[in-house]
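Asker: Below are the chains, spelled out letter by letter.
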Amino acid sequence: MKPEEVLRQALEIDAPWQIVRMRNDLGKGQIDLWVARESGRSGWFFGARAEVGHGHEQVWRHINIGNARCLVHAVPPDDNDQAGLQWLGEAEQPFSRALARQIAGMFMEGITFQAICSLLDIPVADLWKFKHSLDNGKAGLSGQRTTASEPAGSGVPEASDPVWERLLDGTINIEIRVLSLKLLLTKLREQFSIITDGEVRLLKTHEMQRYFVRHEKLLGHELAQLARL
Amino acid sequence: MKPPQALMPIARAAELIASGHYLSIAGDEAALRQLPLGNWIGGTIPYFMGADGGTSSCEQVFVSEIGGFSTPPQLRFYDAATLPQICRNAPDNGYSILILPAFSAIHASFARQAPNYEEMYLKPLIGWVAGVHLDALGQLAPKVVLGSTGEFSAQHAVVMDVALPADKFAQIDIVNLFRPGTGSSITFFDTGFSAGACQINGKPGNLADYLVEHGIDRRLPLVADYSGAMINVSIKHIDPATQRVEFYAPVFPGLEYRIAAPLGDYLAEFKAALPQLEREISFSCNCILNYLYSELEGKRTGQVIGPMTFGEIGYQLLNQTLVYLSVTE
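Read top to bottom, the protein sequences are chains C and D. Sequential numbering of the first sequence, starting at 1, is according to our numbering. Sequential numbering of the second sequence, starting at 1001, is according to our numbering.
In isolation and in its complexed conformation, chain D is listed as follows (with noise of 0.2 Å):
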C-alpha cells in the first residue's frame, strides 16, 4: 500500500495538490511558496526524518495524505480568540490536524490554555510547532500556510478537521523515552513558559539553582507523570544571574515534575519502543530537540516518520516527544 506520509521533491507535492488531495504539508517556507493553492495546510520546517533517515532540506517537504474522511476535511485559519473552539468545531468522529507558529502569541495562548478548552479530550487533536532553520532563528519568522488561498501566517493557527465514517476512529498516541529520574520532586506555584521559586522535595526552593548546583544536563527534560502518559517540558535556558529557567513548553501547577533519567542509545531506545501497529500511521512528527540532541541527522528512526517540529501537538503542547495517529475499524 501506498504510504500516506512522505519526503518528497516539491515538483511531486505540487501534483498531489493539483489531483485534488487532501494534505498536510512540512517544509522551508521557499519550498512552500512554490506550491500550487489546493486542499493543503502546511507549516514552516526544514527538518525531516524520512524513510532513508533524519535529514535538512530546503529542496523537499514532508507530506501526509488524509484520506477515508466521510466529507471533505474542512481547512481554515483560527486566531488567538476562536483557537479555543477548536474542539467544539471538530467533527464529532474523526481527527482535526492543528499546526501553530513557534514563538507567536497564539502559541504562548494555546500551551498554556489548551487542557482547558471546550471539549478538549473528547475529540483527537493531533499537530505541531511551525520553526524555521536554526541558522535563521531570530530571522525568520515560523509561519503556518492556508493552501486554499495560499496565505502565509505568523500569527494564526492552521486546521484541518477530518470527519470520518461511523465505522472508524482516529487514535492519538506517543512516544517518549523519557522517564522520571531519581531526584527531586519539582512543583511550581503558576503556570509559566518559565520559572524560579518553585517546591523542590516539598520545601520553598529555585529551579535555576537546584539545575546549577546539581550539574543537570538541560537536554534532559522536566516530566511529569500523567497517569501513567509521561509529558515533557523541555529546558531552553537557565539563567543563574536572575535565577530564572525558560521552557519549551509551561510548567502546570499541580503536577509534581522530576528531571528525566538520562538516555543510553537513542536510536536504539527509540527502534525498542516504536508501537507495533498493524494498522498504518496516518500522520506523525517528532522534536527537533530529539534531532538535536540525538544527533539523528543521516540515522533512521524506523517506520515512524515525519517532520521535526519546534514542538507536537497531542491534544496539549508536548516536548521532546514522537506523537502518532492511526484510525482503527
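Bound-form chain C, shown alone (with noise of 0.2 Å):
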C-alpha cells in the first residue's frame, strides 16, 4: 500500500474522495489537507484528478496525524452525498465527525474540557462551541456509536440501562431530595426534549449515570427508587 493509502485510511478519506493538496507550513505543528472528489482521471496531487466543487470552502479540525493538528478544507457536497463521510464536519462546527466521535467518546468517559483539550491541542473556545451546540441539539453524532461507558457503583444502573433515558425523557419520576441532583436534572431533561441525535442523547445518559455513580452515597434515597422500577 502506498504511504498516501495508508493516510487516507488513518483520516477516514475514502474514495470517490482524495486529498488533492497538501501543507505543513500555515501552522506550526500543523498539517492542512484540501479533499475534493475524483474526477477519474490522473491527476496532480495523489493521483486521480479532482473535481473542483460548487459553494464556499469550509474548514474543520480532523483528527490529529500524529502530534500534529490536521485540518481539512473542503467545499461540503450535497446533503445527499455526505452520509457515512467523517472527515467532513457540520455547517458551522469547529470539527470534523471523527474528531467529535473521538471527543464524545472522551465525555463518557468523564475526562475534562482541560485534558481533552490538553490531550487533543484543542483550543478551549472551540471545545465549548461544539459542546454548547450538542447541548442545544444543533450538532449530531451521526451515527456511530461511541463506546465508552462510566463503571457502575455497586447500586448505580450501568451507563446502557434504559431506566436513564427514561429518566431524563421524564418517563419515569422520581422524589429527589439533592438539590444538585435536581438542578441537573431539569437541565439534562430540558437539553434531552430538544436533541434529536441519538448519539448526543447517549452522551447525556452517560452524563446522568456518571453523577449517580459519583455522588451514590448521598443518593440512597433516589437509587432505591431506580431499583424499585
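Read the hints as simulated data drawn from the structure, not as lab findings. Errors might be hidden in some of the hints.
With the C-beta cut set under 7 Å, the calculated list includes, among others, these residues of chain C facing chain D [unchecked claim]:
id, residue
1, T171
2, I176
3, S180
4, K187
5, E190
Yeah, the Cβ is synthetic: ideal placement off N, Cα and C, and Gly gets one too.
Dock chain one against chain two, each of which comes alone in its own frame, and use the hints as you go.
Answerer: Structural data, given as C-alpha cells:
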C-alpha cells in the first residue's frame, strides 16, 4: 500500500474523495489537507484528478496526525452525498465528525475539558462551541456509536440501562432530596427534549449516570426508587 | 461547640485572621479594609442576620470559619474568562465558596452561564453576591476581597476551595418559602436579565403588561420548579412604557414560571421551614430582599444566620432564598 493510501485510510478519506493538496507550513505543528472528489482521470497530487466543488470552502479540525493538528479544507457536497463522510464536519462546527466522535467518547469517560484540550491540542473556545451545540440539539454525532461507559457503582445501574433515558425523557419521575440532582436533572431534561441525535442523547444519559456514580453515597433515597422500577 | 459562623467586632475578626484561621468574611467595605492580610476571602455587604436578629452594621463583620479540611484551602481571584473553570478546579471531595461583586460583568456572566460550566452540579458550590448599603446604591461599587493579598476588586470573583477528608462530604441545600401561585404559566424565549415578549398560558403575551394588568406585587418572584427545587427570579423593575421587566437573576427558556403565591407571616413560615439538622451549618446566607420585604431588622430567624446578600449562590444564582452548607461524615 502506498504511503498516501495509508494516510487516507488513517484519516477515513475514502474514494471517491481524495487529498488533492497538502501543506505543513500554515501553522506550527499543523498539517492542512484539501479534500475533493475524484474525477477518475489521472490527477495532480495523489493520483486521480479532482473535481472542483461548487460553494464555499469550509475548514474543520480532523483527527490528529501524530502530534500534528490536521485541518481539512473542502467544499461540502450536497446533503445526499454527505452520509458516512467522517472527515467532513457540520456547518458552523469546528470539528470533523471523526474528531467529534472522539471527543464525545472522552466526554463519556468523564475526561475533563482541560484534559481533552490538552490531549488533542484543541482550543478551549472550540470545545465550548461544540459542547454548546450538542447541548442545544444543534449538532449531532452522526450515527457511529461511541463505546465508552462509566463503570457503575455497586448500586448504580449501568450506563447502558434504559432507566437513564426514561429518567431524562420524563417517562419516570422520582422524588429527589438532593439539590444538585434536582438542578442537574432539570438541565438535562431540557436538553434532552430538544436533542434528536441518538448519540448526543446517549452522551446525556452517560452524564446522568456519571453523576449517580460519583454521588452514590448521597443518593440512597433516589437509587432505591430506581431499583424498584 | 463554638459556632463556625458569627457576627463579631472587627477587632475579633482581625484576631482570628492573625491566628491563621481560614475565614469567609462579609462586611462593609470600610470594615473589611481594617482587616489584616491572612487566610480569608470577603465581600462587601453591611446587612446581616446575627444571633440577635437582623441588623445593618459598619462596625461588625460576619465571619464564617472554615474547618475540617484535609489540606489547606486555596484562595484565588477569577476573572470572567477563567470563572467557567471554577468547578473543574474545585477539589474532588470538598466544596467551594464563591463571592461575586453585584452589577459587574462577571456577575452577569455567571448568572447566565453557570448551569453550563464544566462539572457544574458535580462539586458543591456555594456563595453570595456582594453589595453595598442601599443608601450608597449607584455611588459605591460592591467589591470582593482576596485577604491573602489585601486586593479589593469590583470586577473579579473570589473563591475559596476547601478539600475535605475522604470520610466527609459537603451538602448544599436551600430554604425557599415561595411556591408557584395559581396564576398563569409564563415561559420565555431567551436567557436574560430582562424580558418583555413571552408566552403566557401558551399564547404570545407581554410580561410587563401582564404584571400591570393583574396588579401583581413585584415583591413576589417568578418561581420555576426544578424537579422539586423551587427557584426564584426576583423582579427588579417593571417599565410599562417600554413593556420590559428587569430581574435580579436571568430567566431561562425551557422552564415554566409562575408568579409566587403570597406569603403569610414570613418569620413564622421561615422558622417552620428551617431544617432540623443534627449537623452544624458551616456556611449560610440569605437575601437582602427577604430582609427588606419581610422587615427582618431586629427580628430573629432562628439558628440559621449569615450575611443578607444581593444574590445567593447554590450552584447557580438564586434570589430570595436561604442557602446553607453542611458537612456530613
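Asker: Against chain D, is I176(C) within 7 Å by beta-carbon distance?
Answerer: It holds, given that the least Cβ distance between I176(C) and chain D is near 5 Å, below 7 Å.
Asker: Tell me if the interface restraint on E190(C) is satisfied: Cβ within less than 7 Å of some Cβ in chain D.
Answerer: It holds, given that the least Cβ distance between E190(C) and chain D is near 4 Å, below 7 Å.
Asker: Given K187(C) as an interface hint, is its Cβ closer than 7 Å to any Cβ of chain D?
Answerer: 5 Å, holds
Asker: Once the shortest beta carbon distance from S180(C) to chain D is found, is it less than 7 Å?
Answerer: For S180(C), the interface hint holds, since the closest Cβ of chain D sits about 4 Å away, which is under 7 Å.
Asker: Just to be careful: measuring from the Cβ of T171(C) to every Cβ in chain D, is the smallest value less than 7 Å?
Answerer: 14 Å, violated
Hint 1 from the list above is the single one not met by this structure.
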